[in-house]
Amino acid sequence: MAASEGGGVGEDARLDRETAQWLRWDKNFLTLEAVKRLIAEGNKEELGKCFGARMEFGTAGLRAAMGPGISRMNDLTIIQTTQGFCRYLEKQFSDLKQKGIVISFDARAHPSSGGSSRRFARLAATTFISQGIPVYLFSDITPTPFVPFTVLRLKLCAGIMITASHNPKQDNGYKVYWDNGAQIISPHDKGISQAIEENLEPWPQAWDDSLIDSSPLLHNPSASINNDYFEDLKKYCFHRSVNRETKVKFVHTSVHGVGHNFVQSAFKAFDLVPPEAVPEQKDPDPEFPTVKYPNPEEGKGVLTLSFALADKTKARIVLANDPDADRLAVAEKQDSGEWRVFSGNELGALLGWWLFTSWKEKNQDRSALKDTYMLSSTVSSKILRAIALKEGFHFEETLTGFKWMGNRAKQLIDQGKTVLFAFEEAIGYMCCPFVLDKDGVSAAVISAELASFLATKNLSLSQQLKAIYVEYGYHITKASYFICHDQDTIKKLFENLRNYDGKNNYPKACGKFEISAIRDLTTGYDDSQPDKKAVLPTSKSSQMITFTFANGGVATMRTSGTEPKIKYYAELCAPPGNSDPEQLKKELNELVSAIEEHFFQPQKYNLQPKAD
639 MAASEGGGVG
649 EDARLDRETA
659 QWLRWDKNFL
669 TLEAVKRLIA
679 EGNKEELGKC
689 FGARMEFGTA
699 GLRAAMGPGI
709 SRMNDLTIIQ
719 TTQGFCRYLE
729 KQFSDLKQKG
739 IVISFDARAH
749 PSSGGSSRRF
759 ARLAATTFIS
769 QGIPVYLFSD
779 ITPTPFVPFT
789 VLRLKLCAGI
799 MITASHNPKQ
809 DNGYKVYWDN
819 GAQIISPHDK
829 GISQAIEENL
839 EPWPQAWDDS
849 LIDSSPLLHN
859 PSASINNDYF
869 EDLKKYCFHR
879 SVNRETKVKF
889 VHTSVHGVGH
899 NFVQSAFKAF
909 DLVPPEAVPE
919 QKDPDPEFPT
929 VKYPNPEEGK
939 GVLTLSFALA
949 DKTKARIVLA
959 NDPDADRLAV
969 AEKQDSGEWR
979 VFSGNELGAL
989 LGWWLFTSWK
999 EKNQDRSALK
1009 DTYMLSSTVS
1019 SKILRAIALK
1029 EGFHFEETLT
1039 GFKWMGNRAK
1049 QLIDQGKTVL
1059 FAFEEAIGYM
1069 CCPFVLDKDG
1079 VSAAVISAEL
1089 ASFLATKNLS
1099 LSQQLKAIYV
1109 EYGYHITKAS
1119 YFICHDQDTI
1129 KKLFENLRNY
1139 DGKNNYPKAC
1149 GKFEISAIRD
1159 LTTGYDDSQP
1169 DKKAVLPTSK
1179 SSQMITFTFA
1189 NGGVATMRTS
1199 GTEPKIKYYA
1209 ELCAPPGNSD
1219 PEQLKKELNE
1229 LVSAIEEHFF
1239 QPQKYNLQPK
1249 AD
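For the sequence shown, counting from 1, position 380 maps to 1018 in my numbering; every step adds exactly one.
In case anyone wonders, no lab produced these hints; they're calculated from the structure.
Note that the structure is predicted; figures quoted are calculated from it, not measured.
Glycine is no exception: its CB is placed at the ideal position from the N, C-alpha and C atoms.
Any given hint might turn out to be false.
[Said to hold, decoys possible] Keeping only pairs whose Cα atoms sit at most 16 Å apart, straight-line, the calculated EDC-like set for lysine to aspartate or glutamate is:
1. Lys682 to Glu728
2. Lys665 to Glu839
3. Lys998 to Glu976
4. Lys952 to Glu976
5. Lys729 to Glu836
6. Lys1203 to Glu1152
7. Lys950 to Asp921
8. Lys950 to Glu918
9. Lys971 to Glu999
10. Lys687 to Glu728
[What the hints assert, rightly or not] Label-pair distances were calculated between CB atoms; the ranges are:
11. Asn1227 to Lys885: 36 to 44 Å
12. Lys682 to Lys906: 36 to 44 Å
13. Lys930 to Ala658: 38 to 46 Å
14. Ser860 to Glu671: 32 to 40 Å
15. Glu835 to Lys885: 58 to 66 Å
16. Gln902 to Pro1202: 37 to 45 Å
Use the sequences and the hints to build the structure in full.
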């Protein structure tokens, strides 16, 4: 989301045009008054922030702070976005008026601008219904995965989820799914973006959301979809008798989001005793009062209250969803009394092993393996590749993000293949392909069944993870990032890697570590391919280079699509057998230090390290 750097007279004229339009079109008293006040005060700096540039509609839809202006999420920008999306869908689907779309929302709200996920969802529904298009609008909050589930279950043309997931409390977002049940990929984002620009003026009934309540085009799918989802989920319960008897206790937190009721229902569907819920965090609260960031990926800080409740109730395992319940973090109490929070890669290894093991018990016929797949993103651990090689099923990696895994999974399923599992290191898991996106509800209950099953063998999750590494080879990972707000600096850093010796060559080593292969998905170069061309799609608009090292290490450096970060992901893969994990960790730390020193050069580029 970059503001246009016009400056001077031209920029002032553009701002005057944008604000005059706003005053004509905005019917939300709070945002309208806020803009009037800024104009009266002559507060150009704040007006520049609110009207700097229209939010960019990308493959992840929209995500921005709530508040007045075209750079923010508010009633008017939701109407404009939905009008564009509606016109684009009309062009793409001749049967849009027969099939319709689904809309749901999380519990976010921003009282000072009158914005909330529920209100935005109603305005979006109003736009479609005013054009004679059926809308399946959930009557209450749901997890994000319920939208892609509904698209497939009801055979709809598209889905919209109003959520900003685990972002700070002032943010909201608008996430879009296509008729195949996966998030949109290019070129749909560009087509929708263009259609938004062509449909900025609110349509006559745009603000009259009361008209939908009596419309025959409005459907409430809540009860039937809730029922269908948990019925489908039951097919992934492999040990019902173990679940009924288990003594393993669980604590669950929904971190002030939507997850509580749904995870309780999921446990009941598996005949598990529902987990103890962290009372301070179980009800939706848009203020997220007990956490600095509502993101379980941040680790122990978000889980403090969960650990306290678990210690009190003698629970060994903590399950934490992010606020829209599409991601999951898991922690286990160790014999030392310490809590171990599993990384996304570690939980990916456990769930991948479990789903394959459970599938294999039901499918003894080895020939079925050739049509069986697992997926993960290119910056996630390669542990699934190691399991696939040894067990004989297929593993594929995709670009970063579940939009790629969801779309690829759908292609494979349409070819009659079985997709057992997909994951990304950012604690996202697709355990059941009836949702072609990450789903923290199914992942929570499947993790609970796994832990209950292992307990019958006197094994903990940590012990099973070690057994997986011994059998398939240790995969030790380390990921972090540097903060950089200047796009030119980021560009210089990556161009330096492409021209490391001053003669247009990539580096041959990083400190003492020899490089054996390089793939650059910004330029499309891959020296491990016979024609030196990368197999995965390339994108000139984002930076991403992967280095493979002679010692079995792999490291990827990439820019973030949503934050001012340069991220890195490093992994050391050892062959099967009982290697020394401490020695591997030491070697990985040395490799990461070399990458930071030689490739990031934080002093030279003035990069801020991640705050601990």
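Cβ distance range 32 to 40 Å for Ser860 and Glu671, holds or violated: 35 Å, holds
Distance restraint between Lys1203 and Glu1152, which requires alpha-carbon spacing of 16 Å or less: 26 Å, violated
Cβ distance range 36 to 44 Å for Asn1227 and Lys885, holds or violated: 38 Å, holds
Given hint Glu999 paired with Lys971 - CA-CA distance at most 16 Å: Distance ~29 Å between Lys971 and Glu999 Cα, so the pair is violated.
Holds or violated: Lys729 to Glu836, with C-alpha atoms at most 16 Å apart: 14 Å, holds
Beta-carbon spacing of Lys682 to Lys906 - inside the hinted bounds 36 to 44 Å or not: This hint is violated: roughly 57 Å between Cβ atoms.
Distance restraint between Lys952 and Glu976, which requires alpha-carbon spacing of 16 Å or less: 13 Å, holds
Restraint status (C-alpha distance of Lys998 to Glu976 at most 16 Å): Violated - the C-alpha atoms of Glu976 and Lys998 are around 34 Å apart, more than 16 Å.
Beta-carbon spacing of Gln902 to Pro1202 - inside the hinted bounds 37 to 45 Å or not: For Gln902 and Pro1202 the Cβ distance comes to about 38 Å; the hint holds.
Restraint status (C-alpha distance of Lys682 to Glu728 at most 16 Å): 39 Å, violated
Lys950 paired with Glu918 [C-alpha distance capped at 16 Å]: Answer holds: Lys950 to Glu918 is near 15 Å, not above 16 Å.
Straight-line alpha-carbon gap Lys687 to Glu728, limit 16 Å: This hinted pair is violated, its Cα atoms lying about 33 Å apart.
Of the hints listed earlier, those the structure fails to meet are numbers 1, 3, 6, 7, 9, 10, 12, in rising order.
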